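Listed below are the residues making up each chain.
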Amino acid sequence: MKGQVVVRLREEVLDPQGVTIGKALANLGYDNVASLRQGKIFDVELATDDPQEAERQLTAMAKQLLANPVIETFEVHVGSKV
Amino acid sequence: MRVGVVYFPGSNCEQDAVYACRQVGLEAEYVWHKQSLIEGFGALILAGGFSYGDHLRCGAIACSSPIMPAVERFAADGGLVLGICNGFQILAEMDMIPGTLLANNGLKFRCQDTLMRVERNDSPFTNACEVGQVLRINMAHYEGNYFAEPETLQRLEANGQVVMRFGPAADESGGEFNPNGSIADIAAISNEAGNVMGLMPHPERAMQSALGSTDGRLVFESLRRAIDARDGDSQAFVALEGKPAGV
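Chains A and B supply the protein sequences, listed in that same order. For what it's worth, numbering that gives the first Met the number 0 labels the leading residue of the first sequence as 0, then goes sequentially. For what it's worth, numbering that gives the first Met the number 0 labels the leading residue of the second sequence as 0, then goes sequentially.
Treat the hints with caution; some may be incorrect.
Claimed, not checked - In silico contact screen, one side only, chain B against chain A (beta carbon under 8 Å); selected entries: (1) GLY52; (2) ARG56; (3) GLY98; (4) THR99; (5) LEU101; (6) ALA102; (7) PHE146.
To be verified - Which chain A residues face chain B? A few, computed with CB under 8 Å, are given here: (8) PRO15; (9) THR19; (10) MET60; (11) LEU64; (12) VAL69; (13) THR72.
Note that these hints are calculated values from the structure, not bench results. If you're wondering where the values come from, they're calculated on a predicted model, not measured in any experiment. Beta carbons are placed, not taken as given, at the ideal position from N, Cα and C, and that holds for glycine.
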């Protein structure tokens, strides 16, 4: 089944890439952008049909490799919404 | 006792590190990351470069290499481990050193001489230096902006884990200078026991006056003294896999 891990920078960590992207949008005329932060999405296909098992595995993957807990937080999504 | 210089696909400073060890009279040899156990080394150096092309986060993929559990065990047994540049990033990703390394302030890759103040000389990596001595050593990185949460930083300072800080400007403009935005000007930090240290600038590139500085020798000389002092008291692991052809 399909799962997704969304990784974001923690709020207290400065995101210079996000700032730069926000400024680029303003340069393109999108002058309504008050702030912008960028992150990462991992789409993962797992060889299981059990959503709880999928969520458990994706959480373990996020903790061990996909996110760095010092600077990042993550969310795990499983199933039809993904 | 020999020094093992651990390198990965994408590392590019392993030859300089081996050269630097030999310059101060240390035996050194390459240790390929596929090796899963290590034998008879007094110290390990995780070489700089761009392991795995810096994919995901700098140093993150290297953590899954077969060598890393052995490095972790070597350090847990008290073995000396020095991570330089990408090696520092790997140690941080392994949680062998607290904190992490963010993109430099200004989002610039910076390759320049930098000055660092030695904060303590009871470390195996600085025992040939004086406290307060300023070393001129080149740095070259994009992600060297050391970051730790306030509580972690407080703990590091209380434990004296900050081994070197960026000092006055290397361009002789004077004043305090921090080339990458590191919190508390941190350039080198150790684990709590002090036997593992991460360092962003490259001492192995500061071994010859023709190349601008010989201050890197002090780091390797310190390592030699520390290894001599501990000789005969080192871990003995069994080597399993060999090195790749051509090394």
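Each hint, compared with the structure:
| no. | hint | verdict |
| --- | --- | --- |
| 1 | GLY52 | 16 Å, violated |
| 2 | ARG56 | 6 Å, holds |
| 3 | GLY98 | 6 Å, holds |
| 4 | THR99 | 4 Å, holds |
| 5 | LEU101 | 7 Å, holds |
| 6 | ALA102 | 6 Å, holds |
| 7 | PHE146 | 7 Å, holds |
| 8 | PRO15 | 5 Å, holds |
| 9 | THR19 | 7 Å, holds |
| 10 | MET60 | 11 Å, violated |
| 11 | LEU64 | 7 Å, holds |
| 12 | VAL69 | 4 Å, holds |
| 13 | THR72 | 13 Å, violated |
This entry does not satisfy hints 1, 10 and 13, going by the numbered hints stated previously.
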